[in-house]
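S.K.: Given next are the chains, with one letter for each unit.
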Amino acid sequence: MFYREVGQYKTSYAADQALLPILQDRIGIAVILLIAFVAVPLTASNFALDSVLIPILVLSLAATGLNLLTGYTGLLSLGTGGFMGVGAFACYKLTTFFPNVNIIFLILCSGFFAAAIGTVFGLPSLRIKGFYLAVATLAAQFFLSWCFIRIPWLYNYNISASIEVPTKTMFGLAVTGPTASSVTRYLIVLSIVAALVLMAANLMRGRIGRTWMAVRDMDLAAELIGIRLYQTKLLAFAVSSFYCGVAGAMMVFLWLGNAESESFNINQSFLILFMVIIGGLGSLLGSFLGAALIWGLPIVLRHAPDYLGLHIRSATVDQSTFVILGVLIIFFLIVEPHGLARLWQIGKQKLRVWPFPY
Amino acid sequence: MRLKYLVLGAAVAGVIGASVPASEALAKDSMLVPLFTYRTGPFANSGIPIANGMHDYLSMLNARDGGIGGVKINVQECETQYKNEKGVECYDSFKSRHPLVINPYSTGITLALIPKASVDQIPILSMAYGLSASAVGADFPWIFNPPDTYWDGMSIALKYIAQKEGGGFDKLKGKTIGFIYFDGGYGREPIPLLNDFAKEYGFNVKMYPVPPPQMQSQSGLWLGVRRDRPDWMIMWGWGAMNPTAVQEAAKTGYPLDHFIGVWWSGSEDDARPAGAGGKGYLSMNFNAVGANYPAIKDIEKYVIAKGNSQTPKDMVGENFYNRGIMNAVVIAEAIRHAQKLTGKKVIDGADMRRGLETLKISEQRWKQIGLAGFGPPIHVTCADHNGHGSVYVQQWDGKKWVKVSDWIAPVKDKVMPLLDEAAKDYVGKNQPWPKRDEPCDDKTL
Numbered sequence: 001m002f003y004r005e006v007g008q009y010k011t012s013y014a015a016d017q018a019l020l021p022i023l024q025d026r027i028g029i030a031v032i033l034l035i036a037f038v039a040v041p042l043t044a045s046n047f048a049l050d051s052v053l054i055p056i057l058v059l060s061l062a063a064t065g066l067n068l069l070t071g072y073t074g075l076l077s078l079g080t081g082g083f084m085g086v087g088a089f090a091c092y093k094l095t096t097f098f099p100n101v102n103i104i105f106l107i108l109c110s111g112f113f114a115a116a117i118g119t120v121f122g123l124p125s126l127r128i129k130g131f132y133l134a135v136a137t138l139a140a141q142f143f144l145s146w147c148f149i150r151i152p153w154l155y156n157y158n159i160s161a162s163i164e165v166p167t168k169t170m171f172g173l174a175v176t177g178p179t180a181s182s183v184t185r186y187l188i189v190l191s192i193v194a195a196l197v198l199m200a201a202n203l204m205r206g207r208i209g210r211t212w213m214a215v216r217d218m219d220l221a222a223e224l225i226g227i228r229l230y231q232t233k234l235l236a237f238a239v240s241s242f243y244c245g246v247a248g249a250m251m252v253f254l255w256l257g258n259a260e261s262e263s264f265n266i267n268q269s270f271l272i273l274f275m276v277i278i279g280g281l282g283s284l285l286g287s288f289l290g291a292a293l294i295w296g297l298p299i300v301l302r303h304a305p306d307y308l309g310l311h312i313r314s315a316t317v318d319q320s321t322f323v324i325l326g327v328l329i330i331f332f333l334i335v336e337p338h339g340l341a342r343l344w345q346i347g348k349q350k351l352r353v354w355p356f357p358y
Numbered sequence: 359m360r361l362k363y364l365v366l367g368a369a370v371a372g373v374i375g376a377s378v379p380a381s382e383a384l385a386k387d388s389m390l391v392p393l394f395t396y397r398t399g400p401f402a403n404s405g406i407p408i409a410n411g412m413h414d415y416l417s418m419l420n421a422r423d424g425g426i427g428g429v430k431i432n433v434q435e436c437e438t439q440y441k442n443e444k445g446v447e448c449y450d451s452f453k454s455r456h457p458l459v460i461n462p463y464s465t466g467i468t469l470a471l472i473p474k475a476s477v478d479q480i481p482i483l484s485m486a487y488g489l490s491a492s493a494v495g496a497d498f499p500w501i502f503n504p505p506d507t508y509w510d511g512m513s514i515a516l517k518y519i520a521q522k523e524g525g526g527f528d529k530l531k532g533k534t535i536g537f538i539y540f541d542g543g544y545g546r547e548p549i550p551l552l553n554d555f556a557k558e559y560g561f562n563v564k565m566y567p568v569p570p571p572q573m574q575s576q577s578g579l580w581l582g583v584r585r586d587r588p589d590w591m592i593m594w595g596w597g598a599m600n601p602t603a604v605q606e607a608a609k610t611g612y613p614l615d616h617f618i619g620v621w622w623s624g625s626e627d628d629a630r631p632a633g634a635g636g637k638g639y640l641s642m643n644f645n646a647v648g649a650n651y652p653a654i655k656d657i658e659k660y661v662i663a664k665g666n667s668q669t670p671k672d673m674v675g676e677n678f679y680n681r682g683i684m685n686a687v688v689i690a691e692a693i694r695h696a697q698k699l700t701g702k703k704v705i706d707g708a709d710m711r712r713g714l715e716t717l718k719i720s721e722q723r724w725k726q727i728g729l730a731g732f733g734p735p736i737h738v739t740c741a742d743h744n745g746h747g748s749v750y751v752q753q754w755d756g757k758k759w760v761k762v763s764d765w766i767a768p769v770k771d772k773v774m775p776l777l778d779e780a781a782k783d784y785v786g787k788n789q790p791w792p793k794r795d796e797p798c799d800d801k802t803l
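Sequence order for the protein chains is D and C.
Using our numbering, the first residue of the first sequence is number 1, and each one after it goes up by one.
Using our numbering, the first residue of the second sequence is number 359, and each one after it goes up by one.
Rather than coming from a laboratory, the hints here were simulated on the basis of the structure.
Note that CB positions come from ideal geometry on N, CA and C, so glycine has one too.
Treat the hints with care, since some could be wrong.
[Said to hold, decoys possible] Pulled a few chain C residues facing chain D out of the computed Cβ check, cut under 10 Å:
no., residue
1, 402
2, 439
3, 454
4, 469
5, 473
6, 477
7, 571
8, 668
9, 780
So here's chain D without its partners, still in its complex pose (with noise of 0.2 Å):
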């Protein structure tokens, strides 16, 4: 009943090739978009806004970015963290070089760099793939955090090692760095994760998306109709690896104001990788499903005690939430194994045929 497009008919082509074909979505999407750019600034605390929104979107920004590569194109990568530290490192040198160069800017231009770097790194992806590929980019991880402590001049030889944000404004805004506001901090993080993630959807819909799903699917067909691989293979790395770039600037500059080697390991790939997964291979929502799951569950459930009054000790709720964050996710697992995204698509078709399931 509420997803019922009975009576929407499409008069020309380009109705029947948009974004959003359904009213039900757009509607949808357009209250999504109107609750993240209006009520939430105006009500949210800013513990809120930090510690939740802002982490969620950033990571849901590399988590597209990785699905780009291994949802849509097919492509393993365990080197989303190094791609990440390219993108701050990168941001905060141009910071360095440009200081008077509007900072939004250059948290974009930092995903370029992310991009070359990615694009040689996914070379090796033309000769193997599956496993050997994902240790292919292994090396790629490793060799980049090596390059992030043992590159002085990427820290401008700093003596911790470490990479501090420098304050920024813009229209006598403070934008990063300590005073800036959380509320303009996540207004900036959402309107960049926003255009980000259209293009991203307008970029699957058309033939660069189609050649890469294409190739995902089997590629010796995708080879036989013409798709060239070697090109079509590049760009899923440098596109995916440019999304994680400027995922990677936007949480040092807008996100923690400080960052150091360690905050790109492996651990951080395999964070990303996961939230693909559980999310959803091949969905952009399911980006944003598995970051918030897997980010928001945890905070959840270190304050859920608290807001039942319980007193619980925080290593306790702590290595909880590691106990119960584990269950849940061989419980979706097992459940859907698609994905959250997928659970989405269920839910929309029982929408469709309720009140009458056949």
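Assemble the complex: chain D is given as a structure, and chain C must be docked to it using the hints.
M.R.: Below, chain C alone, put in the same frame as chain D:
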């Protein structure tokens, strides 16, 4: 059927989601002291005793004296797992609740919080870790790192070696000193000072970096040590790197009484795993080891015996447990100072900053609080947020740590220029850095 579950699930999720903004009641009659702990995660081994020590001493003050100046201390733990993201999250969750002071207990978290401290008016106490340059009070009015910086530590290690070699620094000429360090900001920090000394006194330095992922596989590195045969080894290690290094040193036959660790490489768990082979291993320390102090007896009586602590009995008096106590003493004494200075009973972060800035724990004061000789005299001033206290060297006798040297003072005239330079460098790279406009308290208490 499925729809029902979906709706139900969504409703449950909604209810849980709504619970995120935690209750933010502002207790007017207590002082909030958050403790960032890491009882879980890869470094929990050292995190647990430190957390217990801090928690138990402050709880003891609450139970025995009814808090400080008649006001209870509200001790709240937040688990960081030694991860920066979690630490920043902990900070954000406490920020609006007006904490007196933040103890990040991780160099990475400290670095992330330093720029925020002056904006949020919350002092940060990073006891002998964090950013060494933050000892310069003129540039970092909100950050405190007593009793020593890593540069102080390195100068003391060299001084001790020189003493063992028979006197002054000139005895180091022609010797080879190996430096095994955690290959990150923390381990690299002492290198400039080490190189300075090497150049001035004509000894050789061999570097043995341990990358974080390889903390537990050092056998190749120790082959290098065997080949180079350094006369002395100095270690700046952390976590699993420490016991591994001690074990490998014992295995390769390196004389352990020529192997000195920094104060973070001196826990019982660092030396114990090497068994009998670990005998002789040295480490620096600025807090006494052992439970034979009236204040610690009070902790056992008022806190542990009452079941208000997570501390197992045999942990009391261990090195890192006592380190936690020392951290808590610094907090408690600073609160006392702030109360005296402001005349207020319930103080806030800004008052606490003044308390920390005038902090003075003399030998006599250590005795008064029931910890005679427990730590070095600490004297923080407006300009010097560190104090550069003395440190002693302890030796592992196979079962426990034994003090084997007197309190050794750092070589301040070497350390201070480096500190000023580092502070200038930090401020220069983080422009615009806020100018200090907090007045200095010249009242001495």
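S.K.: None of the hints should be skipped; say for each whether it holds.
M.R.: Each hint, compared with the structure:
no.: 1; hint: 402; result: holds, 9 Å
no.: 2; hint: 439; result: holds, 7 Å
no.: 3; hint: 454; result: holds, 7 Å
no.: 4; hint: 469; result: holds, 5 Å
no.: 5; hint: 473; result: holds, 4 Å
no.: 6; hint: 477; result: holds, 4 Å
no.: 7; hint: 571; result: holds, 8 Å
no.: 8; hint: 668; result: holds, 7 Å
no.: 9; hint: 780; result: holds, 6 Å
When each numbered hint is compared with the structure, no violation occurs for any of them.
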